[in-house]
Amino acid sequence: AASWTRASFASLLTSMPPSSHSCDVKVASLPNELETLAEVLKGQGFVTGALPNNINVTRSFNFQQGFDWFNYQAPAYIAGATESASQLSMYNVVRKVFDRVFRGQKRVEDYYQPTDVVLGNAQRFMEHYGDSRWFLMVHLMEPHDPYFERPFNGVGYGRAEHEVPDAADVDYLKDLYRGEIKWMDDRIGEFVAWLKEQEIYDDTLVILTSDHGEEFLEHGGWWHGTTLYEEQIHVPLVLKLPESRWAG
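Here this note's numbering is used: the first residue of the sequence shown is 1, the next is one more, and so on.
Errors might be hidden in some of the hints.
What the hints assert, rightly or not - The following label-pair restraints were derived from C-beta to C-beta distances: (1) 59 to 19: 34 to 40 Å; (2) 26 to 203: 36 to 42 Å; (3) 71 to 32: 19 to 25 Å; (4) 59 to 210: 18 to 24 Å; (5) 242 to 124: 20 to 26 Å; (6) 16 to 45: 21 to 27 Å.
None of these hints come from the bench; they were simulated from the model.
Backbone N, C-alpha and C define an ideal beta-carbon position, used for all residues, glycine too.
Model the full structure from these sequences, guided by the hints.
Encoded structure:
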């Protein structure tokens, strides 16, 4: 529904296009009067949980609506900054300077929490709520800039220091992106194996999707949130029903 996180998540949670939910600009929050998927399921007796992993979909923008348990997977903010301080223009200036100075010594946790950490927290949620009916929104950030070389070696290529990358870097960036997908896919595979070991998998509806894609010069641009071409809005949608009904 959109090519950037906040507007797209708002559509995922409300079934409304950005023109209707109005959470479509940088200063916008999710309106209180809208009914979210979490609120609907909570009304049906589900325990509702969320592991947001991006500032765009946190309490700062009212995305906690309907969630009993809402745990922001916050990055390691520079100089111990708070969630609210991280939205200030000055913080973003410091972030860009930091990225340029330490471009070969990046840590994933400085930008978001990696998939293995987030899925570990998802496991703890499921173990805690046991046989209750629950809904859990798990937000994974790979692949997303900065793209890290895998195996991880501290080298990352991000938007903050490369707003307009050199066209000669396009193949390198695509390789980094594929590597991030592969790394995340391996972690999801381990998580699915755990779901099966715990006898959770067969009883659970699993939905895998994305909030946006990325552009690699297909229409002369980079990154996301800039156009509505297919490379930025054509995303996967995979459903695994309980007992794997209708598989294939």
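Each hint tested on the structure:
1. Between residue 59 and residue 19 the beta carbons are some 25 Å apart, a value that contradicts the proposed interval 34 to 40 Å.
2. About 40 Å separates the C-beta atoms of residue 26 and residue 203, a value consistent with the hinted range of 36 to 42 Å.
3. Range check, residue 71 to residue 32: Cβ separation about 21 Å, and the 19 to 25 Å hint holds.
4. One distance hint, 18 to 24 Å for the beta-carbon pair residue 59 and residue 210, holds here, with the actual separation near 23 Å.
5. Residue 242 and residue 124 have their C-beta atoms about 22 Å apart, which keeps the hinted 20 to 26 Å range intact.
6. Distance hint for residue 16 and residue 45: a CB-CB separation of about 24 Å, consistent with the stated range 21 to 27 Å.
Checked against the numbered hints given earlier, this structure breaks only hint 1.
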